[in-house]
Amino acid sequence: MHISSSIGIWIAAFLTLFVYSFLYKDNPFYKFAEHLVIGLAGGYYIVTVWFQIIYPKLLVPLFQQGNLILIFPLILGLFMWARYIPQYSWISRWAIAFYLGVSCGLSIPSVMQAMIIKQIQATMLPVGFHSYIGWMNLFIIFGVLTSLVYFYFSAEHKGFLGVSAKIGIWFIMIGFGATFGYTVMSRISLLIGRIQFLLTDWLGILH
Amino acid sequence: MNIYEKMMSIDRRILFLLIALSVIIPLLKPLLLPVYVTKEVRNLYGFIDNLNPGDVAFLSLDYDPSTMAECHPMALGILRHCFRKGIKVIVTSLARPEGLGTAEMALTQASQEYQKKNGEDYVFLGYKPVPGAVLLAMGENFRLAFPNDFYGTSIDSIPMMEGLKNYEDIKIVVTVSGSAVIDSWVIYAGGRYGVPIGAGVTAVMATDYYKYLQSGQLVGLLGGLKGAAEYEKLIQYPDMATKGMDGQNMAHLLIVFFIIIGNIGYFLGKKAKASKGIGG
Numbered sequence: 001m002h003i004s005s006s007i008g009i010w011i012a013a014f015l016t017l018f019v020y021s022f023l024y025k026d027n028p029f030y031k032f033a034e035h036l037v038i039g040l041a042g043g044y045y046i047v048t049v050w051f052q053i054i055y056p057k058l059l060v061p062l063f064q065q066g067n068l069i070l071i072f073p074l075i076l077g078l079f080m081w082a083r084y085i086p087q088y089s090w091i092s093r094w095a096i097a098f099y100l101g102v103s104c105g106l107s108i109p110s111v112m113q114a115m116i117i118k119q120i121q122a123t124m125l126p127v128g129f130h131s132y133i134g135w136m137n138l139f140i141i142f143g144v145l146t147s148l149v150y151f152y153f154s155a156e157h158k159g160f161l162g163v164s165a166k167i168g169i170w171f172i173m174i175g176f177g178a179t180f181g182y183t184v185m186s187r188i189s190l191l192i193g194r195i196q197f198l199l200t201d202w203l204g205i206l207h
Numbered sequence: 208m209n210i211y212e213k214m215m216s217i218d219r220r221i222l223f224l225l226i227a228l229s230v231i232i233p234l235l236k237p238l239l240l241p242v243y244v245t246k247e248v249r250n251l252y253g254f255i256d257n258l259n260p261g262d263v264a265f266l267s268l269d270y271d272p273s274t275m276a277e278c279h280p281m282a283l284g285i286l287r288h289c290f291r292k293g294i295k296v297i298v299t300s301l302a303r304p305e306g307l308g309t310a311e312m313a314l315t316q317a318s319q320e321y322q323k324k325n326g327e328d329y330v331f332l333g334y335k336p337v338p339g340a341v342l343l344a345m346g347e348n349f350r351l352a353f354p355n356d357f358y359g360t361s362i363d364s365i366p367m368m369e370g371l372k373n374y375e376d377i378k379i380v381v382t383v384s385g386s387a388v389i390d391s392w393v394i395y396a397g398g399r400y401g402v403p404i405g406a407g408v409t410a411v412m413a414t415d416y417y418k419y420l421q422s423g424q425l426v427g428l429l430g431g432l433k434g435a436a437e438y439e440k441l442i443q444y445p446d447m448a449t450k451g452m453d454g455q456n457m458a459h460l461l462i463v464f465f466i467i468i469g470n471i472g473y474f475l476g477k478k479a480k481a482s483k484g485i486g487g
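Just so you know, the protein sequences line up as chains S and V, in that order.
Under this note's numbering, the first residue of the first sequence is numbered 1, with each subsequent residue one higher.
Under this note's numbering, the first residue of the second sequence is numbered 208, with each subsequent residue one higher.
Just so you know, the hints here were simulated from the structure itself, not pulled from any lab data.
These figures come from a predicted structure and were not determined experimentally.
Misleading hints may appear alongside valid ones.
Claimed, not checked - Result set (DSS-like, lysine-lysine): computed pairs, CA atoms no more than 25 angstroms apart in a straight line:
| no. | chain 1 | residue 1 | chain 2 | residue 2 |
| --- | --- | --- | --- | --- |
| 1 | S | Lys-57 | V | Lys-478 |
| 2 | V | Lys-324 | V | Lys-292 |
| 3 | S | Lys-118 | V | Lys-246 |
| 4 | S | Lys-118 | V | Lys-480 |
| 5 | V | Lys-323 | V | Lys-292 |
| 6 | S | Lys-57 | V | Lys-213 |
| 7 | V | Lys-246 | V | Lys-378 |
| 8 | S | Lys-166 | V | Lys-418 |
| 9 | V | Lys-480 | V | Lys-213 |
| 10 | V | Lys-236 | V | Lys-450 |
| 11 | V | Lys-323 | V | Lys-378 |
| 12 | V | Lys-213 | V | Lys-246 |
| 13 | V | Lys-378 | V | Lys-418 |
| 14 | V | Lys-483 | V | Lys-213 |
| 15 | V | Lys-335 | V | Lys-292 |
| 16 | V | Lys-372 | V | Lys-323 |
| 17 | V | Lys-450 | S | Lys-25 |
| 18 | V | Lys-440 | V | Lys-246 |
| 19 | V | Lys-477 | V | Lys-213 |
| 20 | V | Lys-450 | V | Lys-440 |
| 21 | V | Lys-378 | S | Lys-118 |
Claimed, not checked - Facing chain S, according to a computed beta carbon distance under 10 angstroms, are these residues of chain V, among others:
| no. | residue |
| --- | --- |
| 22 | Arg-219 |
| 23 | Ile-362 |
| 24 | Met-447 |
Just so you know, even glycine gets a beta-carbon here, dropped at the ideal spot from N, CA and C.
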């Protein structure tokens, strides 16, 4: 056992314990840790954005290297701050409109290709009754079609449509179940990470 | 209060304590339960393992401290694998500015373990906002998005970057992600420029990304701490993820046990109430 002598590790260890104290009940230690993390994250974000983005990638190229094209993002960025002046808040919409327009232009064709066409292609599978893969492909197609039927709301879900939708909801529920299982795993992993930190870095029990 | 009602109303703090013990005890006394390697992890490992020394991989460490427990072991595993094979690595962190610290931490640790040098064996480009635009710019030229590396050195004066222009000079992009940046990688770098993409994601995100495996848009996928442990097994470097898996298994077994107990209590309690009702 080799307890850490680092003040940073001790602070992190106590903040970890403060956060987990919420599991017993809400208390001032938890509140302190909660407020601290929000303040720290905000401060870290501002400092990083200034030193990693605004200063080296905007101010230096614009004012020291004479890259005048950067005047446009600077002006659009300043427009965003107009939101805080009620009579001029409309100016911020120009910057938002520009951002949305560029984002849509860049993303719509690529998103269509990668997230819709590719996924449809992935459902166009060879079906066969003499192989395991053939059956599994049929199962995938069946699952996709019945799940889609569940989201068809222009006709009442009864008869053939109703049966298909009911089968579809089973597929969807199995998907949700898998997601829930993974979510539990994720949360336990976070706990493991913190306990490893306490036992290794702080208390020095594990190596 | 009958036994069924007691089963349904165990104080949640007792459950929390038991979950904590189920994680702490296996960490102190490891059970060494086996870790089975899944196809999606083996595929990513195999892809990287088949690269030649001197090839360049792009590793985007798109996670921050909130998802470090799951993503950091993945990042270390992939970096160790690349460095051991002599593969050069370009690293970015595109999810959030907070990820810069964790990315640099992983890079520093792995590079020190294998005596790799900044600028010769790896380059850390840092963070830039709006991932979609950054990925498209890098598709034309890395210098458009990152004229300088994280430490302020001009890319053109970094030896490793000589002759590296865009994704065409990269063998694979691996994104270790605790955010939706992985979608941008698949859509822009993979979809538009055709670079192979591998991914490591938090467990809570994993099911959302299996669809990319089936469609061939991902070459492999690491899901959560389990994925990291599988990768550690493949590179024969057991570390934090492997050590954590015993606790993970025990906690899952305990949760399954609680779910069974809760359901038995619920259904038997309901039955008991119904039979009382009939009797009265």
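Results of checking the hints against the structure:
Using a Cα cut-off of 25 angstroms, the hinted pair Lys-57/S and Lys-478/V is violated, with the two alpha carbons roughly 69 angstroms apart. Between Lys-324/V and Lys-292/V, the direct Cα distance comes to roughly 15 angstroms. Compliance with the 25 angstroms bound is thereby established for this hinted pair. A distance of roughly 21 angstroms separates the Cα atoms of Lys-118/S and Lys-246/V; the hinted pair therefore holds under the 25 angstroms criterion. Among the hinted pairs, Lys-118/S with Lys-480/V is inconsistent with the structure: their alpha-carbon atoms are about 53 angstroms apart, more than 25 angstroms.
A hinted pair counts as satisfied when its Cα atoms are at most 25 angstroms apart, and Lys-323/V with Lys-292/V qualifies at roughly 12 angstroms. Restraint check for Lys-57/S and Lys-213/V: the C-alpha separation of about 62 angstroms exceeds 25 angstroms, so the hint is violated. For a cut-off of 25 angstroms, the pair hint linking Lys-246/V to Lys-378/V stands: about 20 angstroms separates their Cα positions. With a C-alpha separation of about 22 angstroms, the suggested pair Lys-166/S and Lys-418/V falls inside the 25 angstroms cut-off, and the hint holds.
For the suggested pair Lys-480/V and Lys-213/V, the alpha carbons sit about 14 angstroms apart, so the restraint of at most 25 angstroms is met. Of the supplied pair hints, the one linking Lys-236/V and Lys-450/V holds, its CA atoms being roughly 10 angstroms apart against a limit of 25 angstroms. Taking the CA atoms of Lys-323/V and Lys-378/V, the gap is about 20 angstroms. The hint holds against a cut of 25 angstroms. Of the pairs offered as hints, the one joining Lys-213/V and Lys-246/V is violated, with about 43 angstroms between alpha carbons and a cut-off of 25 angstroms exceeded.
A C-alpha spacing of about 22 angstroms is found between Lys-378/V and Lys-418/V, which places the hinted pair at or below 25 angstroms, so the restraint holds. Taking the CA atoms of Lys-483/V and Lys-213/V, the gap is near 18 angstroms; set against the 25 angstroms cutoff, the hint holds. Restraint check: the Cα-Cα separation between Lys-335/V and Lys-292/V comes to about 29 angstroms, which exceeds 25 angstroms; the hinted pair is violated. Note on Lys-372/V and Lys-323/V: the hinted pairing holds, with a Cα-Cα distance of about 22 angstroms set against a maximum of 25 angstroms.
For a cut-off of 25 angstroms, the pair hint linking Lys-450/V to Lys-25/S is broken: about 30 angstroms separates their Cα positions. Straight-line distance between C-alpha atoms of Lys-440/V and Lys-246/V comes to about 13 angstroms, which keeps the hinted pair within the 25 angstroms bound. Straight-line distance between C-alpha atoms of Lys-477/V and Lys-213/V comes to about 13 angstroms, which keeps the hinted pair within the 25 angstroms bound. For the given pair, Lys-450/V sits about 11 angstroms from Lys-440/V by alpha-carbon distance, which is consistent with the 25 angstroms threshold.
Between Lys-378/V and Lys-118/S the CA atoms are separated by roughly 22 angstroms; this keeps the pair inside 25 angstroms, and the hint holds. For Arg-219/V, the suggested interface contact is upheld, since its CB lies about 8 angstroms from the closest CB of chain S, less than 10 angstroms. For Ile-362/V, the shortest C-beta to C-beta distance to chain S is roughly 13 angstroms, which exceeds 10 angstroms, and the interface hint is violated. For Met-447/V, the suggested interface contact is upheld, since its CB lies about 6 angstroms from the closest CB of chain S, less than 10 angstroms.
This entry does not satisfy hints 1, 4, 6, 12, 15, 17 and 23, going by the numbered hints stated previously.
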